[in-house]
Every structure is written in structure tokens, then in C-alpha cells.
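Q: Protein chains in written order, with the working numbering: chain A, 120 to 865; chain B, 93 to 244.
Please keep in mind that the hints were generated in silico from the structure rather than gathered at the bench. Every residue gets a Cβ at the ideal spot worked out from N, C-alpha and C, and that includes glycine. Check the hints yourself; a few may be wrong.
What the hints assert, rightly or not - Here's a subset of chain B near chain A, in silico, CB distances under 8 Å, partners left out:
#1 Glu108
#2 Pro111
#3 Gln242
Claimed, not checked - A few chain B residues that don't get close to chain A, going by computed Cβ distances all over 10 Å:
#4 Gly124
#5 Lys126
#6 Pro159
#7 Ala185
#8 Ser192
#9 Glu204
#10 Ile230
#11 Arg231
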Amino acid sequence: MGKVGKIARRTFLFGAMAVAGGVAFGVYKVRTPYENPLKDGLADGASTFNPWVVIDGEKITLITPHGDKGQGVAHAQAALIAEELDIEFGQFEIDFGKPDKAYWNRALAGDGAPFMATDESFTAEATRSFMGGMIKLLGMQITGGSTAMPDSYEKLREAGAVARETLKLAASSVSGVPVSQLKTANGAVQLPDGTELAYTALAEEAAKVEPVTEISLRKPSEWRLIGKPMQRLDMVAKSTGTLGYGIDVDIDGMVHAAVMCNPRQGGALNGYDASAAEGMRGVQKVVEVSGGVAVVADNTWRAIQAVQAIDFDWGEAPYPAEQDGHWAAIEASFNDDQLDKEWRNEGDVTEALAGGKAVEAAYRVPYVAHAPLEPLNATVLVEDDKVTVWTGHQIPRMLQDQVAKVTGHKSEQIELVNHFMGGSFGHRLEFKYVELAAEIANQMRGTPVKLTFSREEDFAHDFPRHIGMARGSGAVKDGKVTAMELQVAMPSVVVSQMGRAGLSVPGPDMQIAAGAWNNPYGLENFRMRAYRVPELAPVSSWRSVGASAGGFFFDSLLDELIHEAGADPLQERIRLMQHDVSRTVLEAVGEMSNWGSPLGPNKGRGVAFVESFGVPTAEVIEVTNTEDGITIDKVWVAADVGTVIDPVNFENLVQGGVIFALGHAMNSEITYSDGMAEQANYWDAEGMRMSQCPEIMVRGLENGDKVRGIGEPPVPPAAPALANAIFAATGQRIRELPLYHHIDFA
Amino acid sequence: MQLIVDGKSHEVDVEEDMPLLWVLRDELGVKGVKYGCGVAACGACTVHIDGVAVRSCQTPVADVDGPVTTINGLGSPEAMHAVQEAWVEHQVAQCGYCQSGQIMQAASLLSEIKMPSDAEIDEAMSGNLCRCGTYPRIRAAVKTAAAKMQEA
Chain A
120 MGKVGKIARR TFLFGAMAVA GGVAFGVYKV RTPYENPLKD GLADGASTFN
170 PWVVIDGEKI TLITPHGDKG QGVAHAQAAL IAEELDIEFG QFEIDFGKPD
220 KAYWNRALAG DGAPFMATDE SFTAEATRSF MGGMIKLLGM QITGGSTAMP
270 DSYEKLREAG AVARETLKLA ASSVSGVPVS QLKTANGAVQ LPDGTELAYT
320 ALAEEAAKVE PVTEISLRKP SEWRLIGKPM QRLDMVAKST GTLGYGIDVD
370 IDGMVHAAVM CNPRQGGALN GYDASAAEGM RGVQKVVEVS GGVAVVADNT
420 WRAIQAVQAI DFDWGEAPYP AEQDGHWAAI EASFNDDQLD KEWRNEGDVT
470 EALAGGKAVE AAYRVPYVAH APLEPLNATV LVEDDKVTVW TGHQIPRMLQ
520 DQVAKVTGHK SEQIELVNHF MGGSFGHRLE FKYVELAAEI ANQMRGTPVK
570 LTFSREEDFA HDFPRHIGMA RGSGAVKDGK VTAMELQVAM PSVVVSQMGR
620 AGLSVPGPDM QIAAGAWNNP YGLENFRMRA YRVPELAPVS SWRSVGASAG
670 GFFFDSLLDE LIHEAGADPL QERIRLMQHD VSRTVLEAVG EMSNWGSPLG
720 PNKGRGVAFV ESFGVPTAEV IEVTNTEDGI TIDKVWVAAD VGTVIDPVNF
770 ENLVQGGVIF ALGHAMNSEI TYSDGMAEQA NYWDAEGMRM SQCPEIMVRG
820 LENGDKVRGI GEPPVPPAAP ALANAIFAAT GQRIRELPLY HHIDFA
Chain B
93 MQLIVDGKSH EVDVEEDMPL LWVLRDELGV KGVKYGCGVA ACGACTVHID
143 GVAVRSCQTP VADVDGPVTT INGLGSPEAM HAVQEAWVEH QVAQCGYCQS
193 GQIMQAASLL SEIKMPSDAE IDEAMSGNLC RCGTYPRIRA AVKTAAAKMQ
243 EA
């Protein structure tokens, strides 16, 4: 296989390793099974077969340890188990389970070995990157990086199959019928004479037999559930207001807290005067926390009102006070000393550009807030020998460590009751909101404290997606793109994010280059360099992480070059594409969108392709330039995830990813003035509204050889496809997000 | 102050300017109503007063002059309202946090306009933010609910 083939393969391996935040760890000892945590405190007569299935005389419970922030992963995990266990929806309950290393994320590590074998240059750096803090993450239970399905796809079907075969063994022992003559369906073992033994009735017997370890998984042609439209388990509750999110937690004796921390993030609390707050109705206590003050009251509104009545003296921000200072730091980082890594260098770019640059351009992406609709919140009860935390979180075991640091308990004394999350987009990979709740509760031991962020506090303390700039140039010849040089400069989101958890991550940060280096095109001459900007404002993983920026840089530049070459935007991408699965994705989106067909006046069509998290994704967008501004009319998306678990949820997630990305591309950013975020609520960073929402047609392809997640991959191509479409409609090339600085949207 | 919420009468002793949202959530324990922004920018807190959609986060409790219906009173898992049924049929929700407000807004729209046009749906629903981006399914579900309610 030639160089390009290697790159394509490497690309995909990278995708699997790219957890949100760019953190992954090696395969050391990962094959060693952990103890089943469900054995702890198992009731008499109950049986647990592995960390995901427990059955007693009354009910079947499936543990779905990946956190559900709306992507439907609680349902999908349960469906994978149910597929092999032969149980139907309605016959079991689900539970997020307790934090445990048994739930470590295999998709972060599983692809590590072949990758390291194929890329020596990376091996050294990856090892450096991953050692340090990452050893600590062994047994890391995390939901992020679109890994829930890759992690669960085989593991949970195996868990279901093990339980099924063990139940058959128990049934055989009870009935005397050999296992080979037993069948399973509908939550029961069936004997040849038609007798049905319910799993629940077999639980006690099953507890006495050793779980079967040799199982084989069913063929896809035998699947009842996977690949078919399903009714999500959470759908009725979410449509009737009966699903309890973290913010809805209500514990006996609970008090309500609100907090204000220095809006200059990380700045000091120099002093405060809380006298106005102390006299307000319902206020019970004013307590200091790290970098701010909390008010405890008898309801949420009173706590928020009171904390806003405090007079604060805040210290300076540990980063440039004005936005211009952030951009200047980035501008200044394109130099050899700050070269983080040269990710690609093929052909001879210098030589190819010597004959003249067809394009020379700079691109920018802003900070953007996560701002999921459920404001950050956590309820914490600190007792002397135990801490209980009720919240929704994506990294349960690290959460235990972080809370333990606050309260002085041991990590294993921290009990997390994980909850469905009202969105996240990376917000709930962070720990600060839970640490603050723990700080307050630790000053009121024995009393459960619910901390709810006001929306304004949530915006002020969002750790946004990092800003970045790119410089691009390239050459064209005979109607083709022949050379491309892309330099990207950003602060390291991994360093910022892991730093808050007390971990240092040495080595290059893959997220600076994500979306910009790894698209499997075979450009004759291609150089991609990543530059590390010193830490600015604290930043965090935001849906699709680095690829949300890198994809915009890469594809915008490519589109400009294709235009200069006089080639067709889709056909030239297809010509350059060296990876069969990705080429099929491009061809599919062309066919879906009827690419090349005539458009009406003032209309334009743009295409973009970005590979992220192992998923090649192509999008075509059609816009109209109206008197009121740009309207986004239609979007077509083709993405290859190897296997689509549920086509309905798949479509919903792709449409949602496109809308999320387009909304931010249109109008959302965080900017700093006087060290504070200037955007305080949704009026200031609105995203997309229904009246602006295009029709979105989706096709899930299954040519890839591994199952992939679809939470993040629809995001990166959307912004460049929109900018490319606007160029096609108006002739205006916009190289900076959000686009509304340069053009109006209707 | 007296409030009628989901058919039940409550006596509440709170400040006159406390938003209805927080009276519902923290004083009466009606948790289906959601806090999203506090400034009527997102619509997650939408309830009905006398059958009309209002943003409860911007409604001082003293201004409530009619019976309040929340998502918890519109229907129940066992007996869903036609709009809720349509939401399930179309598998609308992702995180679901905005959907209480979306459903209340849609129910209010359909009590006012039996068969809304696409433009009328967009206009009525555009004050309700969905960060997950479920708008295409919301549009489809509103139409299904409209058709269902016509049959009924």
C-alpha cells in the first residue's frame, strides 16, 4: 500500500483515538478484566452475569454506563444488550450504574496497538503524550469523542449473550433439558415442549452457575433490533415532562444554592460585601468558594437574587483582558519556536508555491460557548464517611477524584448518582460546577445542597471552544489543485482541560490539527503545520473539538483553490480523494443533492467534506441570497459509520449536528472585554431558530469496516459548506466565523 | 396567593415578583417546567395560562390571572395529549430539556390555529430554542398533531 493508503488508514485510527479533548491512552493491561461491581451488595436470589446485566426475581436491570446527554445512548446501549439477551423493550429497567473501572472505554484504547505499529513518528510522541497523566486514566469511564457506540458495539452484545447462555445453563439445570435444545425469546428460556421459564424465575438458579464465557455473536442478518427504527426508551418521559434531570433532583432537607465566581475566569476574589444579600427573604447562609461566593437559600430564585445583590471586588483575569489581545497572541504564534508539530509534508510545497500562489488567505474561528439548555447544576450531600453527588456527568470516575480533593474523602467514598443530561456538547466533561457544589456542601455537612447556575453564570463560566487562526495558500495548474499549505495556530484545549483536573499532558496536541491534517485527499504537494498558542482564556472540548475549527480552515482553503483552478467543487474533491469509503460519501451527497443541476437566481450550492472521529462526512448546502439576507434552504448529508445502530436516531443526530453547527457558524461567539465574556445569555449567542432551519436530508452509509459514533462528525463540514454556498450565491468569500459579521441572515 | 395548577388549587406565600417558573418548580414541585434562560429567550419554561402559552420565567406570580397548565398537566405517560403522542411518534427529543416548552407552545398554537401553515408553525415556534437541533422533527410532529386533533 502506498503512502496515501497509509494515511487513509492512519486517519481512521486517529478518529477512534480522538476522545473529546484529544486524550487517549495506551493499551497497557487493558485486556485484564475488572471485577464486576454489581456483585457488591447483590440481593439474595439475584444474579449478575457481568457489569451490565443483573436479574432478580422481580426484574431485569441493564446498566448503561455511558452518559446520555441527548444522543440516545442509554437506549442504544440497552438495545445492544437486549439484541443478544432476547428481551423486549418494556421488560427491563435501565440504570447508569455506579462509577467503576469495569466500564472503561475500550474505544479509546482498542485501536491503539495497530496505530502505533504503523506510524513510528507518532508512536514516540503519542507515548509521550499519553504517559504522564494518562496512566492515571486507566479504567477511565468516559462518554466523549463519539466513542460510546464503538466502545459498546461488541462489548454489550457479548454481555447480553453471556447472560443469555448462562440463563440457558440455569434452565437446563432446573429442567434437565440439555442446553442445545433450549431457545430464548421475550425474556424467557423456552423448553422443547413449549414451557417458558422467565429469566426472573431463573435468577436464583443462575446465580449458582459460573457465567458462560464462550459465546458467539449473532449475524447481522439475525438482528431484531440493531439497524431498525426503534422507539427510544426515554422518549415518552421526555415528551411528558416526567424525566428527572439533575436540575430536578429533590432530596429531603435539601437547600438551594447559587454562586457567582469571578467572571474574569480564574481571577481572584479580592473582597465582597454581602450585607444586602444576607437580609433577603429565604437566605440561610453566605459562603465563600474558590474564586467567588455562594448563597444558600430556601429556593433557587431567592438564592440567585441574593447572590446577584452581593457587591464584589474581583481580581484581574489571568489572560488578555480584551479580545484583540487574544487574536494578537495567536497571530504571534506562527513561528518555528511554537511549532507544535508538522503533521503532513508530502511532495515539495515550497517548490510548488514558488511558481505563484493561487490563493493566500487567513481564516479565524472564535471562542464559542457550549450553552446546553439545562444550566449547570449539581446536588451534593457531604457526610463524614460518604459524599453523594446527584448530577449528570461524562467522566464519572474522575468526578469522584475531583470531589474527593474538595471534601478530603477517598475517591471510593464519593457516590455518583448519574442523571440524564439536558444537553452537554462537552460542557459536562468539566468538573467546576460539581466542585463548587461540593465546596458549599462541605461547609454544611449533613445538608443536601443543590447548586444551580443562573444562565448568566453558565455563560460567564463556560469554558468555551478554543479560538484559532489559519494561514493557507496553494497552487493550481491545468484546472487542478496541485499544492496546499495550511498552518493552524491555537491554544491547546487538552492542556487547558486536563490542567483543571490536575493532569499535565506533554507532547503535541492532536486537536490543533484535527480536521486540517487528516482528510484523506491525495494532494500532490501538501504541508500542514500546527502551532501552539500559549494558554489564553480557559477552553474546553466543544462538540467535535478541534475538527470544528480545522475542518473550516481546510475545506474553506480547498474550496478557494478549486475555484481558482476553475474546477467543479464536488468533482475536484472526488478526484483528489484517495480513500474509497470517503469517495463514496462524496459521490452519495452529490447524487442526493442533484449536484450540478441548474439553480434559480440568487441561489448557491456549497459542498464540504471533513473526516472526524473516524467518520467521513460530506455535506451540500443550498442557500438563497434574499433581500432580507441569506436563507439556508436545504442540506444534504452523507456519512459512513460502518453500521447504523438506529436509523431514526441517526437521522435525528445528524440533523441536530448540522443545526448546531450552522447556528454557531451564523451568529455565535464568545468575546472578552475587561476580562469577561461579553455574551451573557441566548440573546447574545442565539444559534439557529426554527424559522431559519433548512430541510436536512440524511444518508447513513455502511461501507466502513468499524462501527463509529455520529454525535460529532456532522458538525465540522457544516460551517465550510455554508461559507462555500454563500460564496457560490454571492461571490463573497467569508473566512471568519461567525459569518454574521460579514453577511446578514434572514 | 392562590394558584390553580394542572387542575389543583394551591395557596402560596411568596414574593409578588417571584416568577411563576420558580413557584412551580421550587414551591409546588412541578418539575416538568424547565429553567433555561430566565429572560424569555429560550422558551423552556413555557406553560399555559387560560390555555395560552406564556414564558413562566418572565411572569411574576402576582400577574397570573387564570388557571395554569404545565406539561405535567397537559397529559401523562399513560394518557398523552395529541401533541405529546405526535412527539413520541416522530421521536422528536434528543436531550429533551426544551421539549416541555416546545410541546406547550405547539399545543397553544394548535388551539388557536387548527391547521397551521409551515410559516405559521415557524413563527409560533421560533421563540423556543432547541440546542440539540430537533426542529425538523418538531415541524413534522406539529403537523401530525394538527391532523390528529382534526380527526378527534
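Q: A separate judgement is required for each hint: does it hold in the structure or not?
A: A quick look at each hint next to the structure:
no. : hint   : verdict
1   : Glu108 : 12 Å, violated
2   : Pro111 : 7 Å, holds
3   : Gln242 : 20 Å, violated
4   : Gly124 : 2 Å, violated
5   : Lys126 : 7 Å, violated
6   : Pro159 : 17 Å, holds
7   : Ala185 : 4 Å, violated
8   : Ser192 : 5 Å, violated
9   : Glu204 : 17 Å, holds
10  : Ile230 : 7 Å, violated
11  : Arg231 : 7 Å, violated
Checked against the numbered hints given earlier, this structure breaks hints 1, 3, 4, 5, 7, 8, 10 and 11; the rest are met.
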